[in-house]
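A.B. asks: Here is how the chains run, residue by residue.
Protein chains: 4
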Amino acid sequence: VPRLLLQPGSHFPPDPPLDTHKYRQGSLLLVAGSAAYAGAAVLAGLGARSSGAGMVTMVVPTGLKPLIHTVLPEVLVHAWEGIPTLPPGKSPAKGFQALAVGPGLGETRLPVLEVLLRDWTGIPWVMDADGLNVLAELGVEHLRGRGIRAILTPHLGEFRRLFPRIPLSDRIEAAQQAASQSGAVVVFKGSRTVIAAPSGQCWVNPASTPALARGGSGDVLTGLIGGLLARWGGTGSPIDESILLRCACAGVWWHAQTALQLAKERGLTGVDPARLAEHLPQALRTLRQEQVIRY
Amino acid sequence: VPRLLLQPGSHFPPDPPLDTHKYRQGSLLLVAGSAAYAGAAVLAGLGARSSGAGMVTMVVPTGLKPLIHTVLPEVLVHAWEGIPTLPPGKSPAKGFQALAVGPGLGETRLPVLEVLLRDWTGIPWVMDADGLNVLAELGVEHLRGRGIRAILTPHLGEFRRLFPRIPLSDRIEAAQQAASQSGAVVVFKGSRTVIAAPSGQCWVNPASTPALARGGSGDVLTGLIGGLLARWGGTGSPIDESILLRCACAGVWWHAQTALQLAKERGLTGVDPARLAEHLPQALRTLRQEQVIRY
Amino acid sequence: VPRLLLQPGSHFPPDPPLDTHKYRQGSLLLVAGSAAYAGAAVLAGLGARSSGAGMVTMVVPTGLKPLIHTVLPEVLVHAWEGIPTLPPGKSPAKGFQALAVGPGLGETRLPVLEVLLRDWTGIPWVMDADGLNVLAELGVEHLRGRGIRAILTPHLGEFRRLFPRIPLSDRIEAAQQAASQSGAVVVFKGSRTVIAAPSGQCWVNPASTPALARGGSGDVLTGLIGGLLARWGGTGSPIDESILLRCACAGVWWHAQTALQLAKERGLTGVDPARLAEHLPQALRTLRQEQVIRY
Amino acid sequence: VPRLLLQPGSHFPPDPPLDTHKYRQGSLLLVAGSAAYAGAAVLAGLGARSSGAGMVTMVVPTGLKPLIHTVLPEVLVHAWEGIPTLPPGKSPAKGFQALAVGPGLGETRLPVLEVLLRDWTGIPWVMDADGLNVLAELGVEHLRGRGIRAILTPHLGEFRRLFPRIPLSDRIEAAQQAASQSGAVVVFKGSRTVIAAPSGQCWVNPASTPALARGGSGDVLTGLIGGLLARWGGTGSPIDESILLRCACAGVWWHAQTALQLAKERGLTGVDPARLAEHLPQALRTLRQEQVIRY
Chain Y
32 VPRLLLQPGS HFPPDPPLDT HKYRQGSLLL VAGSAAYAGA AVLAGLGARS
82 SGAGMVTMVV PTGLKPLIHT VLPEVLVHAW EGIPTLPPGK SPAKGFQALA
132 VGPGLGETRL PVLEVLLRDW TGIPWVMDAD GLNVLAELGV EHLRGRGIRA
182 ILTPHLGEFR RLFPRIPLSD RIEAAQQAAS QSGAVVVFKG SRTVIAAPSG
232 QCWVNPASTP ALARGGSGDV LTGLIGGLLA RWGGTGSPID ESILLRCACA
282 GVWWHAQTAL QLAKERGLTG VDPARLAEHL PQALRTLRQE QVIRY
Chain F
32 VPRLLLQPGS HFPPDPPLDT HKYRQGSLLL VAGSAAYAGA AVLAGLGARS
82 SGAGMVTMVV PTGLKPLIHT VLPEVLVHAW EGIPTLPPGK SPAKGFQALA
132 VGPGLGETRL PVLEVLLRDW TGIPWVMDAD GLNVLAELGV EHLRGRGIRA
182 ILTPHLGEFR RLFPRIPLSD RIEAAQQAAS QSGAVVVFKG SRTVIAAPSG
232 QCWVNPASTP ALARGGSGDV LTGLIGGLLA RWGGTGSPID ESILLRCACA
282 GVWWHAQTAL QLAKERGLTG VDPARLAEHL PQALRTLRQE QVIRY
Chain S
32 VPRLLLQPGS HFPPDPPLDT HKYRQGSLLL VAGSAAYAGA AVLAGLGARS
82 SGAGMVTMVV PTGLKPLIHT VLPEVLVHAW EGIPTLPPGK SPAKGFQALA
132 VGPGLGETRL PVLEVLLRDW TGIPWVMDAD GLNVLAELGV EHLRGRGIRA
182 ILTPHLGEFR RLFPRIPLSD RIEAAQQAAS QSGAVVVFKG SRTVIAAPSG
232 QCWVNPASTP ALARGGSGDV LTGLIGGLLA RWGGTGSPID ESILLRCACA
282 GVWWHAQTAL QLAKERGLTG VDPARLAEHL PQALRTLRQE QVIRY
Chain R
32 VPRLLLQPGS HFPPDPPLDT HKYRQGSLLL VAGSAAYAGA AVLAGLGARS
82 SGAGMVTMVV PTGLKPLIHT VLPEVLVHAW EGIPTLPPGK SPAKGFQALA
132 VGPGLGETRL PVLEVLLRDW TGIPWVMDAD GLNVLAELGV EHLRGRGIRA
182 ILTPHLGEFR RLFPRIPLSD RIEAAQQAAS QSGAVVVFKG SRTVIAAPSG
232 QCWVNPASTP ALARGGSGDV LTGLIGGLLA RWGGTGSPID ESILLRCACA
282 GVWWHAQTAL QLAKERGLTG VDPARLAEHL PQALRTLRQE QVIRY
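Chains as they are written, first to last, in the numbering used here: chain Y, 32 to 326; chain F, 32 to 326; chain S, 32 to 326; chain R, 32 to 326.
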């Protein structure tokens with residue numbers, strides 16, 4: 032089993048060319064939130080904002096629109112009823128480059144996922160939380176059956192529901208089996224998050240902090256990875272397994288490094304998810320500068 | 032009468048292990064707010080956020096949900112109707128580790144308390160404000176009768192209503208009598224807050240500031256102590272009188288030290304309760320660092 | 032005509048004693064805002080927050096409650112219908128120590144003022160904006176007729192409506208005549224704000240900045256002066272002309288000095304009223320520190 | 032073809048005199064937003080705030096009022112129904128000095144523009160986004176037909192719709208032809224934004240950053256240019272082509288320089304439009320200080 036430490040530099044989308052414009056910086060569709068779990072949509076949106084994607088469009092229940100407009104004024108917001116439809120299998124020309132789905136979907140998760148599985152198979156997905164729970168109900172084989180390129184980001188409980196037959200004695204082997212079984216890149220979250228691809232490649236996040244062990248941290252990660260996927264898509268590169276893997280690795284590493292930096296500044300109890308999301312850009316700037324200084 | 036100064040180091044929950052996850056960092060149920068006193072719920076929630084608890088769930092009137100989602104997106108929010116029920120006496124496996132109740136309940140305080148007193152006796156409580164006022168109406172003996180482990184945080188007016196026969200000539204003796212009579216840890220708030228346990232142990236907060244003498248400061252403290260209780264619960268330790276006392280001491284000391292630090296930075300008039308709550312983590316980091324440097 | 036420069040040190044309420052509590056730090060009733068001018072209520076509330084008053088209660092139209100709770104969670108909010116009534120002439124025991132009225136009242140200004148003029152004459156007032164406009168309609172002599180101790184804070188247009196017969200060739204003399212005629216302390220706002228009392232005392236604010244020449248700056252000042260009045264009331268001092276004058280002077284000076292400091296930090300275009308209000312405490316801390324260093 | 036680099040110092044409105052007041056600092060009417068695109072109105076409002084205009088009034092659909100009051104309490108807000116009418120051709124005495132229209136108008140753009148084109152021709156306009164789209168439908172010649180002095184700020188897609196016959200091989204020549212054809216100052220947005228006037232004058236923004244390549248950046252620019260127009264109007268200068276050109280140049284340069292500075296501080300992904308808008312004043316202060324130091 033190959034076990035690699037992360038070398039983050041090469042995992043990020045290339046810096047944008049000087050003459051880029053917003054439609055080339057990646058357009059993300061983020062489907063999240065419900066009346067019961069509205070905050071999860073906000074946190075995923077904040078994560079997407081900090082990814083640097085050119086455009087973020089959120090699909091939420093109608094009642095959540097004022098909330099999103101207040102916290103995320105640059106986000107375009109559609110109501111559930113307004114999920115744009117795409118002919119299955121077609122590439123979304125001038126449309127979205129990635130889909131993030133799951134945080135806080137609550138009771139509406141099943142009808143939402145059915146629409147997405149039918150019409151939105153042409154762009155790469157990142158799935159989390161209630162998205163994973165409904166996938167566990169439908170059967171994880173649906174992804175491969177529809178030809179969806181996906182990143183799944185389960186924590187322990189979600190992993191058990193998605194992959195009930197995979198033994199958990201070794202988390203790295205478990206993630207690799209899950210990737211192989213689902214055909215998706217699997218981000219098995221924990222204190223040492225494992226990222227595994229169907230081809231067998233596997234990475235472990237080298238450093239993290241207990242400050243991330245609180246509700247909402249994962250929602251930020253979903254939005255962040257979604258935004259990175261969209262940015263890669265915006266470059267025109269075909270989004271194959273290698274790019275999915277880079278997005279997953281870059282997102283997990285960036286998220287954890289930001290939490291480490293914020294915990295150092297504000298203490299272990301000061302890393303609430305909204306603040307974590309807002310600190311992502313600045314942390315990356317510091318991390319890159321430090322790399323420049325060192326090498 | 033034993034009178035001790037606070038030694039805060041040993042009163043905080045132990046630092047989380049590296050492999051912790053959100054369900055082990057403490058799950059708090061916070062019942063607060065009403066149409067008339069919505070802000071109190073926000074402030075208690077901000078205090079709970081800064082405690083570092085892994086999960087915070089708030090129960091508020093339906094109309095307050097957008098407000099909570101806007102300010103506290105990581106918080107799960109249920110409507111009054113949705114107070115989860117627990118079989119009385121059972122330990123809340125995989126559920127909540129602590130209950131904080133009281134800030135801003137207003138006119139709905141009686142029916143809410145009746146549900147909690149019936150079904151939520153298995154986990155430790157912190158009670159404040161309207162929670163204390165309804166307890167005064169029902170009779171403080173209800174707590175002991177139900178076997179509830181509780182921290183009560185009255186200011187002078189609430190103390191008088193709760194314990195009308197206890198003389199107030201000596202605040203320390205008054206707090207000790209109140210603890211003895213109620214079977215609860217009593218935090219008698221004032222410029223020199225007294226913390227007394229039924230066993231006779233008693234502490235005085237050594238330093239504070241008039242900057243805390245404004246509406247809302249107490250709501251922040253309630254959420255903070257609640258979060259500390261949940262964190263202790265998350266470690267698996269049984270929550271006995273000793274732990275209740277530590278949470279009350281740690282909360283009172285942290286709250287006052289933060290106000291002192293913030294008043295130094297922003298002046299006496301700059302310590303509004305929301306800012307106080309947001310400054311808690313950073314203040315603790317500084318306080319701990321200073322201890323490390325000194326000793 | 033006596034013309035004095037401001038000596039701000041002696042105009043502020045005395046620093047609170049160490050054993051103060053929120054009910055002794057001043058309780059302000061702020062009546063402001065309407066559906067059309069909701070933001071004015073927010074800005075006045077932010078000014079009141081920064082005054083350091085122990086309790087701020089706002090009376091607004093029902094529809095504005097969520098807005099106030101979001102921005103000012105420590106504020107108690109009542110709907111128009113809920114203006115507490117006081118027997119005329121009685122001192123408000125355990126109640127409010129000051130009333131601020133006017134910003135953004137809009138079309139409801141007349142009925143609101145009628146209630147206040149009938150029932151709220153026992154505590155000192157600060158009036159601004161639409162409060163002044165309706166007073167101009169009713170006749171400024173109403174204040175003296177009701178025995179109300181008041182501070183009026185007109186800008187040029189409002190001054191003209193309130194005192195149509197007073198010539199404006201000399202702003203200082205105009206303010207003095209207005210104070211004499213109305214029996215109120217008059218704050219005649221402008222680039223060199225004049226503060227005049229009925230007894231003939233008169234002050235000129237020594238320094239200000241064009242950064243204050245924008246909508247909303249005045250709303251902040253109203254809340255700030257109201258909070259200072261409440262703080263003086265909380266000390267138990269009788270609120271006579273001398274105290275009204277000190278509150279007006281302290282408020283005008285603090286407001287302008289904060290704008291000067293903020294303009295230096297953020298530039299002339301960066302002094303929006305909400306930021307101005309939030310910077311008040313920190314500016315005062317700096318100003319006092321500088322005084323300590325200098326003398 | 033004259034091609035000049037920007038010399039920003041002389042393009043800004045003169046610093047306000049010490050005895051200015053809010054009605055002389057410029058009053059802007061900003062018409063933006065719709066149920067579907069509410070955030071665009073917020074961002075344009077934040078841009079207008081940072082311009083330093085004395086008064087900003089926004090016209091939005093009724094449902095957006097709470098959102099605007101929460102984020103921009105100093106702004107006066109009217110509902111669509113409440114667009115103030117002016118006799119065509121009259122100068123707006125004591126009224127507004129400029130109109131900004133377009134961001135996020137959505138489906139209501141046509142009826143809104145019809146009212147504005149009928150009654151609001153007396154003050155200068157800046158048009159963007161959906162304002163430009165409806166102008167493309169109506170025909171760009173409407174502006175000249177009505178005698179409206181205007182700044183148009185199209186990006187590539189909007190430019191194509193507005194000027195379908197102008198070839199795009201040379202962006203500078205294209206902008207100049209567009210200005211000549213429309214009689215308006217044209218801001219052709221891109222990585223090297225071109226500003227062209229009908230008289231043939233033409234400017235290129237010398238430096239920018241890919242951090243601006245995200246949804247919402249343009250809305251901020253619209254509000255900013257609108258505020259600068261209003262400030263020039265407040266000085267009493269007649270708003271001729273020369274002033275339109277200065278406002279467009281100053282706005283584009285200030286916006287880009289702020290993004291450059293913010294990207295340096297917070298990294299390329301940290302320049303979300305709301306933060307960009309809030310950083311405008313501070314960036315200008317720094318830029319001016321640096322000029323003072325250098326020369």
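Treat the hints as calculated values from the structure; they're not laboratory data. Mixed in with the good hints, there may be bad ones.
Just so you know, same-sequence chains aren't split out, so a pair can sit in one copy or run between any two.
[Stated by the list, open to error] Below 30 Å or equal to it, Euclidean Cα-Cα: the simulated DSS-like pairs (lysine-lysine) are:
# : residue 1 : residue 2
1 : K295      : K53
2 : K295      : K96
3 : K53       : K96
Since this is a predicted model, take the numbers as computed values, not measurements.
A.B. asks: It remains to establish, for every hint, whether it holds in the given structure.
C.D. replies: How the hints compare with the structure:
1. Taking the shortest Cα distances, K295 and K53 sit within 30 Å of each other only across copies (20 Å), while inside one copy they are farther apart (34 Å).
2. Taking CA atoms no more than 30 Å apart as the test, K295 paired with K96 passes in neither setting, with 35 Å inside one copy and 32 Å between copies.
3. In this assembly of identical chains, the alpha carbons of K53 and K96 lie at most 30 Å apart whether taken from the same copy (23 Å) or from different copies (29 Å).
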